[in-house]
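Visitor: Here is what each chain is made of, one letter per residue.
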Amino acid sequence: MGRDHLSNEEFFTQLANLFEYTRTKGHGTVYLTQKRMTFNTSSTPPPASKVADDPLWDTHPAEPLPVLIRAYNNKSKKKEGTDREDIDKTQLSTIVKPDDLDGFYARYAEACKAGMSRLKKRDKKKAKKTKKRKKGEIKIGV
Amino acid sequence: MPYFPTSQEWYEQSSLLLKARPASTRITSKYSVSKPAASKIKKRQKYEEKKASRPVNTTRPSSPPPQSQDAEEITVTFTLKTYDPASGTCLQYETNKGAEVGRLIGNLGRLGRHMAALPETTEDLSMPAEGVSMPRPDENAHVKMGTTSSDNKAAAGTGGKKKKKGKK
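In order, the protein sequence lines correspond to chains A and B.
Just so we're aligned, residue 1 is where the first sequence starts under our numbering, counting upward by one.
Just so we're aligned, residue 1001 is where the second sequence starts under our numbering, counting upward by one.
Don't read these hints as lab results, they were simulated from the structure.
The structure displayed is predicted, hence computed values, not measured ones.
Note that the Cβ used here is the ideal one computed from N, Cα and C, for glycine as well.
One thing to keep in mind: the hints can contain errors.
Calculated pairs, PhoX-like style, for lysine-lysine (alpha carbon to alpha carbon, straight line, at most 20 Å) [stated by the list, open to error]:
1) 1035/B to 75/A
2) 1019/B to 1035/B
3) 121/A to 1035/B
Label pairs and their in silico Cβ distance ranges [unchecked claim]:
4) 39/A to 1042/B: 45 to 51 Å
5) 1012/B to 121/A: 23 to 29 Å
6) 89/A to 1012/B: 29 to 35 Å
7) 1038/B to 107/A: 26 to 32 Å
8) 1073/B to 63/A: 46 to 52 Å
9) 25/A to 1045/B: 23 to 29 Å
10) 110/A to 1050/B: 18 to 24 Å
For reference, chain A alone in the conformation it holds in the complex:
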């Protein structure tokens, strides 16, 4: 597809937009993918002889490798009787350097928590009820 990877900063703003878009639309899906970056990296691949010697070379690379993060949604198709239009899917990607990994995931968690607001909230009423019941049981026991 020839898309360019975004910087981490840019990725987070775009990701927030993607979540916001899904929220305003009222339905939809956001996919987030992560995998090791093994293509076109600066680290040279091990020589063929080494690979043949040790088929598990990828489990212990010489130096940490970057992680590729992708985010995308589904494309929308025009549908009669609804307000759906033809909209192409949004695709974002960024590369996280091994050193930035912890900082990135801290921000990533915040972004996801903010974006996935439609998931069920913690049910406070229920929790209170069970607590009260427990207390009652204890009293009976005493």
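Since chain A is already given, all that's left is putting chain B on it; use the hints.
Guide: Below, chain B without anything else, positioned relative to chain A:
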């Protein structure tokens, strides 16, 4: 294609898979908000009718009152999937609770470290990441140097430091 009952199990199995095949394994998380289809709405309405026609069980007062579900309620899910195309292994976990998201992304971060071939962090998740990367001997020297300075730090700083102080 198993769905694990707990996120902890999913994390452990995924971590093993990543250790075995770090180069090809990918983790996809899916956040999905979907409106029910017409057939689903019908099904829910039918179920509500059925429930209403049933006599109310009064012998069990402790049972919670029946919750009526909105027939057009949207379904929101968050699914984690670890997939390795080389072996065809697929591990999944699904939740609909918003409270879990933070912890699950934390798990993704720890699995990300496997992907990047970084050494594993300590099991203590509450420790801030910066504390881990800090050189340890230096920190110890700080604590030894003066109790007053370390006290100030502990008051203003994180819980991680306090723990270390207790160990000493």
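Visitor: Give a verdict on every hint.
Guide: A quick look at each hint next to the structure:
1. The hinted pair formed by residue 1035/B and residue 75/A meets the criterion: a straight-line CA distance of about 16 Å does not exceed 20 Å.
2. A C-alpha spacing of about 38 Å is found between residue 1019/B and residue 1035/B, which places the hinted pair above 20 Å, so the restraint is violated.
3. Restraint check for residue 121/A and residue 1035/B: satisfied, since their Cα atoms lie roughly 18 Å apart, inside the 20 Å limit.
4. For the hinted restraint 45 to 51 Å between residue 39/A and residue 1042/B, the CB-CB distance of approximately 48 Å keeps it satisfied.
5. Taking 23 to 29 Å as the suggested C-beta distance range, the pair residue 1012/B and residue 121/A conforms, at roughly 28 Å.
6. Look at residue 89/A against residue 1012/B: about 33 Å separates their beta carbons, and that is inside 29 to 35 Å.
7. The hint said 26 to 32 Å for the Cβ distance between residue 1038/B and residue 107/A, and at roughly 40 Å that hint is violated.
8. Checked against the given bound of 46 to 52 Å, the beta carbons of residue 1073/B and residue 63/A, roughly 50 Å apart, stay inside it.
9. Between residue 25/A and residue 1045/B the beta carbons are some 25 Å apart, a value that agrees with the proposed interval 23 to 29 Å.
10. Separated by about 44 Å at the C-beta atoms, residue 110/A and residue 1050/B break the suggested range of 18 to 24 Å.
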